[in-house]
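As they're listed, the protein sequences go chains A and B. Mapping of the first sequence onto this note's numbering: position 98 corresponds to residue 98, and the numbering continues sequentially without gaps. Mapping of the second sequence onto this note's numbering: position 45 corresponds to residue 45, and the numbering continues sequentially without gaps.
Simulated from the structure, these hints should not be mistaken for lab results. Treat the hints with care, as some may be off.
[Said to hold, decoys possible] Below are the DMTMM-like pairs computed for lysine to aspartate or glutamate, each with C-alpha atoms no more than 25 Å apart in a straight line: (1) A/K31 / B/D32; (2) A/K75 / A/E52; (3) A/K75 / A/E11; (4) A/K122 / B/E11; (5) B/K31 / A/E11.
2 protein chains.
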Amino acid sequence: MDTLQVGPWLEAVTWNEQGLVPVIAQEVGSKDILMMAWMNRDALLATLRLGEAVYWTRSRQKLWHKGEESGHTQKVKEIRLDCDGDTILLLVEQKDGIACHTGEHSCFFQQWDSASATWVDKSKPKKS
Amino acid sequence: MDTLQVGPWLEAVTWNEQGLVPVIAQEVGSKDILMMAWMNRDALLATLRLGEAVYWTRSRQKLWHKGEESGHTQKVKEIRLDCDGDTILLLVEQKDGIACHTGEHSCFFQQWDSASATWVDKSKPKKS
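Looking at chain A on its own, in the form it has when it is part of the complex (with noise of 0.2 Å):
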């Protein structure tokens, strides 16, 4: 895989006018869905060159190799291409069963309520 080069299955991927296209990660095994990210064509190539998911970060404007300071990476499985190619789906073991940067199994902690009109915070329950 360390040597898969650059060629017509990148440009498979419709990327936007960024070069980006959004990733879902969803958990093996459980199949819970524990984020959603970004890749550019080069975070693409990293992930598939390197076996764990490699993402861009907007905000810092560079690769990220997730759980690269938390240590909480993200084997990948299985990628999937969705019918117009404009999303990435990636089957993950997750390490540690954390994905998202507060601690959570899953980034998606926070649920509607329609009787209060409220998004309700689902988190497990902080240590003080």
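Got chain A sorted already, so can you dock chain B onto it with the hints?
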């Protein structure tokens, strides 16, 4: 739900510079990821009021009640927002089990094959 009004909850979402947010649709039960689409404020409001997924189509620049032509509507069972508010997750019941305009269950039917360095079409055989 049809009386739901615009409120602070709507600005808990981090709308991008086009006033849009990416939305992942995941099937309740199977937990399959069906598709990714976009919403603007009106689409989210319409989704909450109707109880079915209403997206914003960027190509046609209009609200799109998913399934309005195909009949493949998505009944919304749960809505989640991620940690930084910039992605929405819908848990839906997919009418007829078909989310993709190609007739596939899920839009993510192209699978990366590292041996051949190609995206392999994993859709079901089409009738000729």
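Hints versus structure:
no. : hint           : verdict
1   : A/K31 / B/D32  : holds (7 Å)
2   : A/K75 / A/E52  : holds (5 Å)
3   : A/K75 / A/E11  : holds (24 Å)
4   : A/K122 / B/E11 : holds (19 Å)
5   : B/K31 / A/E11  : violated (29 Å)
Of the numbered hints listed earlier, the single one contradicted by the structure is hint 5.
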